[in-house]
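Sequential numbering of the sequence shown, starting at 4, is according to the numbering used here.
Worth flagging that the hints you see were computed from the coordinates, not collected in a lab. A virtual CB, placed ideally from N, CA and C, is assigned to each residue, including glycine. Among these hints, one or two may not hold up.
What the hints assert, rightly or not - The calculated lysine to aspartate or glutamate pairs, modelled on EDC-like cross-linking and capped at a C-alpha distance of 20 angstroms, are:
| # | residue 1 | residue 2 |
| --- | --- | --- |
| 1 | LYS5 | GLU51 |
| 2 | LYS60 | GLU28 |
| 3 | LYS60 | GLU24 |
To be verified - Distance windows between CB atoms, simulated:
| # | residue 1 | residue 2 | range |
| --- | --- | --- | --- |
| 4 | GLU73 | ILE49 | 21 to 27 angstroms |
| 5 | GLY93 | GLY53 | 33 to 39 angstroms |
| 6 | ASP96 | PRO52 | 15 to 21 angstroms |
| 7 | ASP64 | GLY93 | 39 to 45 angstroms |
| 8 | GLY63 | ILE34 | 17 to 23 angstroms |
| 9 | ASP91 | LYS5 | 22 to 28 angstroms |
| 10 | PRO88 | ASP44 | 27 to 33 angstroms |
| 11 | LYS60 | ALA80 | 21 to 27 angstroms |
| 12 | LYS60 | ASP37 | 20 to 26 angstroms |
| 13 | LEU97 | TYR72 | 17 to 23 angstroms |
| 14 | GLY93 | LYS60 | 39 to 45 angstroms |
| 15 | PRO52 | SER86 | 20 to 26 angstroms |
| 16 | ALA80 | ILE34 | 18 to 24 angstroms |
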Amino acid sequence: MKLSIIGSGYVGTTIAACFAEVGHEVVNVDIDEDVVATLNDGESPIHEPGLDDLIEKHAGDRLRATTDYEAVLDTDATFLALSTPSTDDGHIDLSI
Numbered sequence: 004m005k006l007s008i009i010g011s012g013y014v015g016t017t018i019a020a021c022f023a024e025v026g027h028e029v030v031n032v033d034i035d036e037d038v039v040a041t042l043n044d045g046e047s048p049i050h051e052p053g054l055d056d057l058i059e060k061h062a063g064d065r066l067r068a069t070t071d072y073e074a075v076l077d078t079d080a081t082f083l084a085l086s087t088p089s090t091d092d093g094h095i096d097l098s099i
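Could you put together the complete structure from these sequences and hints?
Have a look at this one:
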């Protein structure tokens, strides 16, 4: 299955690598060009035991990253892995 993950933080990067490991073709979409370059170079932008190995194993094959949000149009499912900060009174801010 072709999957897209929007967000390349702790959650997005980890699930993208794990989906690639179980055989899915994954594109990770992020606005940060440095993070995208790091992932495409086969390196992890975050620290999580074992994650570097998965990204190195699948980068350029089942796992790629891009800043182009239109990449989601070529996938079967899209996951959002974005931060949802809370306001001072504890409500979740879902604005864009």
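Evaluated hints:
1. LYS5 - GLU51: This hinted pair is violated, its Cα atoms lying about 24 angstroms apart.
2. LYS60 - GLU28: holds (13 angstroms)
3. LYS60 - GLU24: holds (9 angstroms)
4. GLU73 - ILE49: 21 to 27 angstroms: Given about 25 angstroms between the Cβ atoms, the range holds.
5. GLY93 - GLY53: 33 to 39 angstroms: 34 angstroms Cβ-Cβ, so the 33 to 39 angstroms window holds.
6. ASP96 - PRO52: 15 to 21 angstroms: For ASP96 and PRO52 the Cβ distance comes to about 31 angstroms; the hint is violated.
7. ASP64 - GLY93: 39 to 45 angstroms: Distance hint for ASP64, GLY93 holds at roughly 43 angstroms.
8. GLY63 - ILE34: 17 to 23 angstroms: holds (21 angstroms)
9. ASP91 - LYS5: 22 to 28 angstroms: Cβ of ASP91 to Cβ of LYS5: about 40 angstroms, so the range 22 to 28 angstroms is violated.
10. PRO88 - ASP44: 27 to 33 angstroms: Cβ of PRO88 to Cβ of ASP44: about 29 angstroms, so the range 27 to 33 angstroms holds.
11. LYS60 - ALA80: 21 to 27 angstroms: Since LYS60 and ALA80 have Cβ atoms about 22 angstroms apart, the given range 21 to 27 angstroms holds.
12. LYS60 - ASP37: 20 to 26 angstroms: Cβ of LYS60 to Cβ of ASP37: about 22 angstroms, so the range 20 to 26 angstroms holds.
13. LEU97 - TYR72: 17 to 23 angstroms: Given range 17 to 23 angstroms: holds, Cβ gap about 18 angstroms.
14. GLY93 - LYS60: 39 to 45 angstroms: holds (41 angstroms)
15. PRO52 - SER86: 20 to 26 angstroms: holds (22 angstroms)
16. ALA80 - ILE34: 18 to 24 angstroms: Check passed, 21 angstroms falls within 18 to 24 angstroms.
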